[in-house]
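Peer 1: Residue numbers (this note's numbering), protein chains in the order written: chain W, 1 to 173; chain R, 1 to 173.
Among these hints, one or two may not hold up.
Remember, identical chains collapse to one label, so a pair may be satisfied in a single copy or spanning two.
Derived pair list, reagent style SDA-like, types lysine to any residue, alpha-carbon separation capped at 20 Å [what the hints assert, rightly or not]:
{"#": "1", "residue 1": "K154", "residue 2": "G53"}
{"#": "2", "residue 1": "K46", "residue 2": "K90"}
{"#": "3", "residue 1": "K39", "residue 2": "M1"}
{"#": "4", "residue 1": "K4", "residue 2": "F62"}
{"#": "5", "residue 1": "K147", "residue 2": "G168"}
{"#": "6", "residue 1": "K90", "residue 2": "N149"}
{"#": "7", "residue 1": "K46", "residue 2": "F62"}
{"#": "8", "residue 1": "K52", "residue 2": "M1"}
{"#": "9", "residue 1": "K4", "residue 2": "K94"}
{"#": "10", "residue 1": "K30", "residue 2": "E49"}
{"#": "11", "residue 1": "K94", "residue 2": "D143"}
{"#": "12", "residue 1": "K94", "residue 2": "N149"}
{"#": "13", "residue 1": "K94", "residue 2": "P2"}
{"#": "14", "residue 1": "K90", "residue 2": "Q57"}
{"#": "15", "residue 1": "K30", "residue 2": "R140"}
FYI, nobody ran anything at the bench for these hints, they're computed from the structure.
There are 2 protein chains.
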Amino acid sequence: MPLKSLNDLLEHELKDIYSAERQITRALPKLAKAATDPKLRAAFEKHLEETKGQIEQLDQVFEMIGAKPGRKVCLAMQGLVAEGEELLEKEAEKADPTTFDAALIASAQRVEHYEIAAYGTARTYAEHCGFKDAARILQRILDQESKTNEALTKLAESGINQQAEQAGSGASA
Amino acid sequence: MPLKSLNDLLEHELKDIYSAERQITRALPKLAKAATDPKLRAAFEKHLEETKGQIEQLDQVFEMIGAKPGRKVCLAMQGLVAEGEELLEKEAEKADPTTFDAALIASAQRVEHYEIAAYGTARTYAEHCGFKDAARILQRILDQESKTNEALTKLAESGINQQAEQAGSGASA
Numbered sequence: 001m002p003l004k005s006l007n008d009l010l011e012h013e014l015k016d017i018y019s020a021e022r023q024i025t026r027a028l029p030k031l032a033k034a035a036t037d038p039k040l041r042a043a044f045e046k047h048l049e050e051t052k053g054q055i056e057q058l059d060q061v062f063e064m065i066g067a068k069p070g071r072k073v074c075l076a077m078q079g080l081v082a083e084g085e086e087l088l089e090k091e092a093e094k095a096d097p098t099t100f101d102a103a104l105i106a107s108a109q110r111v112e113h114y115e116i117a118a119y120g121t122a123r124t125y126a127e128h129c130g131f132k133d134a135a136r137i138l139q140r141i142l143d144q145e146s147k148t149n150e151a152l153t154k155l156a157e158s159g160i161n162q163q164a165e166q167a168g169s170g171a172s173a
Numbered sequence: 001m002p003l004k005s006l007n008d009l010l011e012h013e014l015k016d017i018y019s020a021e022r023q024i025t026r027a028l029p030k031l032a033k034a035a036t037d038p039k040l041r042a043a044f045e046k047h048l049e050e051t052k053g054q055i056e057q058l059d060q061v062f063e064m065i066g067a068k069p070g071r072k073v074c075l076a077m078q079g080l081v082a083e084g085e086e087l088l089e090k091e092a093e094k095a096d097p098t099t100f101d102a103a104l105i106a107s108a109q110r111v112e113h114y115e116i117a118a119y120g121t122a123r124t125y126a127e128h129c130g131f132k133d134a135a136r137i138l139q140r141i142l143d144q145e146s147k148t149n150e151a152l153t154k155l156a157e158s159g160i161n162q163q164a165e166q167a168g169s170g171a172s173a
């Protein structure tokens, strides 16, 4: 489908986001499993459930604009997930557990920021194209992604970063 | 280098960012060349110069923390760049020029958001680890990335999105 208008671009963006979210549902259980802090694990598990709900909402958005998710693969999310997997494969075993939790948060926040950019763009396009209900759903998901990102920042700053810092000074095992 | 403390993680994050910025310096000229709107082209060219300056500042940060950039490759930025290249290779020729400009902005904003997440994390780690001057530099670059992102939003909303919308309604050629 050539990009002849903002309408085409909206569809293009939504297909990208759809692929991204599906990749995230496969990555989050691995992050949850690798997390040591129970609150961090719970945050990943909560976001997995949210992501599944977001995919259902995206199905509604596709219906609203008269399109289908298709087979587009989000290459950027492939890269983001690959970076997370590299961390799990190369670093998990030999890392200090709290430092590794901080690294997991950093990786997840990069993913959240990708989604914040993508949903912000798609919401704006939907508004321009007159798809008010679709724009409202995209804004709701965007708010959810922003909240997840803030929750991860709070978790990092509520003890994980401090503990990781102390790990280096020999103050903890 | 195993991640035994926040100090190690700071170094790990900075190596990732360094690789990301270097990849961006190779991608931005392609985006600038593909842009139709002269203001958008100028924005990409301006950010290329900024990025080169950021790499020099990162060299300073590495010196401050007693580390070197190394050979780490940022896999996430590889994916983000691959997504941009897919757009250039598959869509550029057959797309409406203004719609394609909007797509370039969307792609660049995803890159900016990656950087915003990455610099925010590195700045926080640097503060925790007591590298005040390094944290200050990282905050300064973070502010620059945020401004670039805002400038791209303004460009999109100052005419490009509207023109792309009209391209679909037949109101323009």
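Peer 1: Go through the copies and call it for K147 and G168: within, between, both or neither, with a Cα cutoff of 20 Å.
Peer 2: neither (30 Å within a copy, 34 Å between copies)
Peer 1: At 20 Å max between alpha carbons, let me know whether K30 reaches R140 within a copy, between copies, both or neither.
Peer 2: Classified as neither: same-chain Cα gap 26 Å, cross-chain 34 Å, threshold 20 Å.
Peer 1: When Cα atoms must be at most 20 Å apart, do K30 and E49 count as within-copy, between-copy, both, or neither?
Peer 2: Within one copy, since 14 Å is at most 20 Å while 39 Å is not.
Peer 1: At most 20 Å between alpha carbons: which applies to K39 and M1, within, between, both or neither?
Peer 2: For K39 and M1, the Cα distance exceeds 20 Å both inside one copy (44 Å) and across copies (27 Å).
Peer 1: When no copy is specified for K52 and M1, does a C-alpha distance of 20 Å or less occur within a copy, between copies, both, or neither?
Peer 2: For K52 and M1, neither the intra-copy (27 Å) nor the inter-copy (36 Å) Cα distance is at most 20 Å.
Peer 1: Which holds for K90 with N149 at a C-alpha limit of 20 Å: within a copy, between copies, both or neither?
Peer 2: neither (25 Å within a copy, 33 Å between copies)
Peer 1: Could you figure out if K94 and P2 sit no more than 20 Å apart (CA to CA) within one copy, between two copies, both or neither?
Peer 2: Between copies only: 6 Å across chains, 48 Å inside a chain, cut-off 20 Å.
Peer 1: For the identical chains here, do K46 and F62 meet the 20 Å Cα criterion within one copy, between copies, both, or neither?
Peer 2: Classified as neither; 25 Å inside a copy, 37 Å across copies.
Peer 1: Please sort K4 with F62 into within, between, both or neither, judging by C-alpha distance up to 20 Å.
Peer 2: within (18 Å within a copy, 46 Å between copies)
Peer 1: Since the copies are identical, ignore which copy is meant and state whether K4 and K94 lie within 20 Å (CA to CA) inside a copy, between copies, both or neither.
Peer 2: between (51 Å within a copy, 8 Å between copies)
Peer 1: I want to check one pair: K90 and Q57. Are their C-alpha atoms no more than 20 Å apart within a copy, between two copies, both, or neither?
Peer 2: The answer is neither: 35 Å in one copy and 28 Å across copies each exceed 20 Å.
Peer 1: At most 20 Å between CA atoms: does that hold for K94 and D143 within a copy, between copies, both, or neither?
Peer 2: This pair counts as neither: shortest intra-copy Cα distance 36 Å, inter-copy 34 Å.
Hint compliance for this structure: hints 1, 2, 3, 5, 6, 7, 8, 11, 12, 14 and 15 are not met, and every other hint is.
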